[in-house]
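Peer 1: Turn these sequences into a full structure, and let the hints guide you.
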Amino acid sequence: MDTAVPASGHGEHAAASHIDEERKVRLGMLFYVLTDVTFVIFMLVAYPWLRSYNTDQGWFPFQHMRLPDQGTTVTLLLLMVVSAVFYFIGYMGIRAGNQWILRIGMLISLVLMLIALVGQIRFMGSQQFSTGDGTFADTWLLFSGYHIYHLLWATFLGLGVTHRAFRGRYTKEKHLGVVTIGYFWYWAALTPILIFILMTALPPKL
Amino acid sequence: MRKLFPSYLTGAILAIIGYIAGSQFVYHRIGSDNQPAGPNFTEQGMVVGFALFFIGWLIGIGALKYPFTWLLALKDPDHEEEMRLAGKDAGIIRYFKFTTDHKVVGIQYLVLVLIMLGFGGLGALLIRSELMRPGALLFPTETYNTIVTMHGMLMILATITFFIGPFGNFIVPIMIGARDMAFPRLNALSFAILVPAIVIFLSIPFWGYGQANGYGGGVQTGWTVYGPIATQTGMGMTALATAVILAGFSSILGAVNVITTIITMRAPGMRWTRMPMTVWGIFGAALLAALGTSSFAVDLLLILLDRIYKTSFFAASTGGNAVGAGGGNAWLSQNLFWFFGHPEVYLIVLPAFGIVCDVVAVFSRKPIFSYKMGVLGIMGVCVVSFLVWQHHEFVSGWAPELRFWYMATTELISVPTGFVFLVLLGTLWRGRIWMTLPMMFALSFLWNFVIGGLSGVFLSDVPLDVQLHGGMFVTAHFHYTIVGGALMGFFAAVAYWFPKMTGRMLDEKLGWIAFWGIQIGFNVAFLSMFIAGLQGMPRRVADYDPAFATANFITSIFAFLLIASVALYFYNIVISWVAGKKAVANPWGALSLEWQTPTPVPLENFEEIPVVTSAPFQYTQETVEAEAAAEPAAGQAAG
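First to last, the sequence lines map onto chains A and B. Each residue of the first sequence is one higher than the last, beginning at 186 in this note's numbering. Each residue of the second sequence is one higher than the last, beginning at 1369 in this note's numbering.
Don't read these hints as lab results, they were simulated from the structure. Every residue, glycine too, gets a C-beta built ideally from N, C-alpha and C. Incorrect hints may appear among the rest.
To give an idea of the chain B side of the interface with chain A (calculated C-beta under 10 Å), a few residues [unchecked claim]:
#1 P1407
#2 F1409
#3 A1546
#4 A1550
#5 M1633
#6 T1661
#7 S1663
#8 A1684
#9 L1902
#10 G1904
Peer 2: Shown next, in the form of C-alpha cells:
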C-alpha cells in the first residue's frame, strides 16, 4: 500500500490532529439552529403578508371572534423565559464545577418546559376559532403548532441532558452537550417572544 | 445473516409496518369520512402513515440507536465501535446499512442519484413521446401533467443532490485533508432520510385515481406547486409535499455538515486560498441549501395545512374543496417558492463551476487562472442569487414596481458568472490540453452553459419576458443551464473521480460514444425547443398547435438520442464498476490531496494528516516537461 503521507501534490509532511473538536461541534449546532431560525422567519412572513393583503376581508372575517387570552399567552411565554434562565443557571453551575447547580437548573428548566408544552397544547385546543376562520386564525394556529414542535424537541433534549447531568456525565472541563443544547433551548424560548412582538406590533384586528 | 440486522432490509420491513399502522389508525380510530367541515382524513392518514413509514425506516436501519444511547446516558461508543459503525471489515453489506464512513455514504448517494436520474429520464421519454406530434396521443391530460410534475421535481431533487451527495461526501473530506465529515452519524442520517423521501415521491402517480374530488389522481401543478392549485389538485400532492419536505430536511442536514467540515477540518496549511475550486463550489451550494431550503419547506407545509385542515393560506375565498373563510393569497406561495427556487438553481450549478475549473486545470496542466477571481465569482453568485427571485413573477401581477430592480439584479448575476468563465478560458489558454472524457465534458459545460446563460439574459429583460414567460423558450433555457451545464459537470465529475471512488477506469470508448450522442442529441433537441418557444408554443401542454409540429418532432427525435446516450453512459458506469480496467492511485497525474491517497482509500483516509504547503494544481514547466518525457507510461491509464 502506498504511503498515506503525500510525497507530491500540494501536501507534504504530516501533522498531529489539528481539529478543535469543541469549536467544530459548537459551529455545527449554531448552523443547525440558524436553519431553524430561517424556517421560523419564513413562517412569520405569512402573518404580515396575509394581514396586509386581507384578501376578500378574510384576515379577521368574524369581528365577534375572541382573540387568544393575553394573560395565558404571557404566562406561557414567561414559563419559557424562566426555563431558559434556569438552563443558563445550570450551565453556569457546571462551568464553575458545581454538579448540583447543574442538576437543579436542568431539572427545573425541564419541568417548566413540560408545563409550557402541556399548557400550549391545551391553549391551542381551547380557542374559539379553528382553521377555516380566516387567515389570522390560521397563522395563530400555525405558530402555536410550530412552538409545540419546538417544545417536543426540547422535551427529548431536555430529558437527555438532565438525565446525563444526574448521571454525572458532565464536568467542569467537559460539558459541551450542555452548551450546544443550550443554543437550541434559548432559541426555543426566543421564538414565542418574537411571535408575541409581531402580534403586538401588528395587532390582529385591523 | 446477523450482518443483515439492522440493515436496509429491516428498515424496509419496519417502514411498511409503520405506514400501515399510521394510516389505519387515522382511518379507523379518528375518522374515515371526508366531512366537509372537518379535516381531510384520507390525506391526514397519508401523512401520518408517511411519518411512521419514515420513523419505522430509521428504527429499522439502526439510525436512532445513538440518540437513545445518549438519552439513556449509556456508555459512549469507543473507537472500535465507531470503526464498526463506519463499516470496518463489513464487506459489501456496509453499503446496505447505516454506515458512517463518508466514502460509503458518497457511494450510496451516487447510486441513489443515478436511480433518480433514471426515473427522471423515463419521465422525459414519456413527455417527448407525447409531444412528438400534435394531439393528445398517449395519456389523458391529468396523467401527462403528473408526468411533467414528477419529471421536473425529481430532476430538481436529483440535481440538488448529485454534487453535494456523492462528491461532497466522498471527495471533499479527502480533498481538504480530513479523516471524515464533521458529523459522521448525521451524514449517514442525511442519506437515510433521503431514501424514504424518494420512495414516497415515486408513489405519487398511484394516489387518488378514481377519487370523487373530480381532480383526478397524481399531481398536476408542475414542479412549482403554486398554492392554491396545489390545494385543489390530486392526492399525489400530499405525497409530493411530504417527500420534498423530507428531502429538504436531508439536504439541510447534509449542507450544514459540509459547511462545518470545510470550515473546521481543513488540514494544516490548507488556507481558504489553497482550497480546490471544487470545495468552493460545494461550499457555496451548501450555504444556499442551508439558508434557502426552509422557504420552500414552509410553502409545502402551508399547502399541506390547506389540503388537510382546510386553512386558507393560499385560498382567497371559499370554493372548491375549501370551506374556510378565505383570506389567503396566492402570491405568498409564489414568493415563498421562488425565494428558494432561484437560489436552488445556483445550488445545482455552483459545484459544477468549481469542478469544471479543477478538471480544466488538471487536463490543461496549468494552475487555475486568477484563482481569486474564480472564488469571487462563485461566492458572488451565491450572494446575488438571493436577490433575483422576482424575475419568475414578472407577469404574475405582484409588485410590478419592483420589476426594474429585479431585472437589474438578474442581469447583474451574469457578472460573477462571467468571472468563472474567464477563469476557465484563462486556464485553458496555452495549456497542454489532454483530451480525456472528464475534459470533454468540462468543455461541453463551457459551450452549453454559455448558451443557457445568454438565453437567461434575454429572459431577465421584462419586456422580453412578458412575451416569453410560460413558453418553451424558458424550458429550453433552464435545460441548457441545468442539463447542458450542471449535468455535464456531473458527468465530468463521475468520469474524473470514478477511478478514486471505485478503483476502476471508465471505458473510454463507450464514454466517448455516449459523450457525442449526448452533445448532439442535447443541442439539437433544445435548440429546436428554443425555436418552438420563439414561435409562441406554451409549456406544460399535452397538445399544441400544428404550427409547432416540426420543432417538436425534431426535439423529440434528438431527445430520444440524448436519453439513449445517457443510458449508455449509465451502462458504462455499471459495467466499468463491475469489470472495468483497474485504476492506479493517480491516473490523471493530479496534484490535489485526494489523488495522493491510495486506491481504495483507507478507512480513515490518511495515516497522518498532511500539511499543505501550496495551492493545488501548481503545475510548473518542469513538471509538465518531466511528464511529457515519461509518456506514454505516466498517467496514461485512461487510454
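Peer 1: Take the hints in turn and mark each one as holding or not.
Peer 2: Here is what the structure says about each hint:
A hinted interface residue such as B:P1407 counts as satisfied when its beta carbon comes closer than 10 Å to some beta carbon of chain A; here the least separation is about 8 Å, so the hint holds. Restraint check, B:F1409 versus chain A: the minimum CB separation of about 14 Å is more than 10 Å; hint violated. With a cut of 10 Å, the hint placing B:A1546 at the interface with chain A holds, because the nearest CB-to-CB distance is about 8 Å. Using the Cβ-Cβ criterion of 10 Å, the hint placing B:A1550 at the interface with chain A is satisfied: the shortest such distance is roughly 5 Å.
Contact between B:M1633 and chain A, as hinted, is supported at the beta carbon level, the nearest pair being about 6 Å apart and thus within 10 Å. For B:T1661, the interface hint holds, the least distance from its beta-carbon to any beta-carbon of chain A being 8 Å, beneath 10 Å. Checking B:S1663 against chain A: minimum C-beta separation of about 5 Å stays under 10 Å; hint holds. The interface hint given for B:A1684 holds, since its Cβ lies 5 Å from the closest Cβ of chain A, which is under the 10 Å cut-off.
Restraint check, B:L1902 versus chain A: the minimum CB separation of about 36 Å is more than 10 Å; hint violated. With 10 Å as the threshold, the beta carbon of B:G1904 stays out of range of chain A, its nearest partner Cβ sitting at about 33 Å, so the hint is violated.
In summary, the structure is inconsistent with hints 2, 9 and 10 from the numbered list given earlier, while agreeing with the others.
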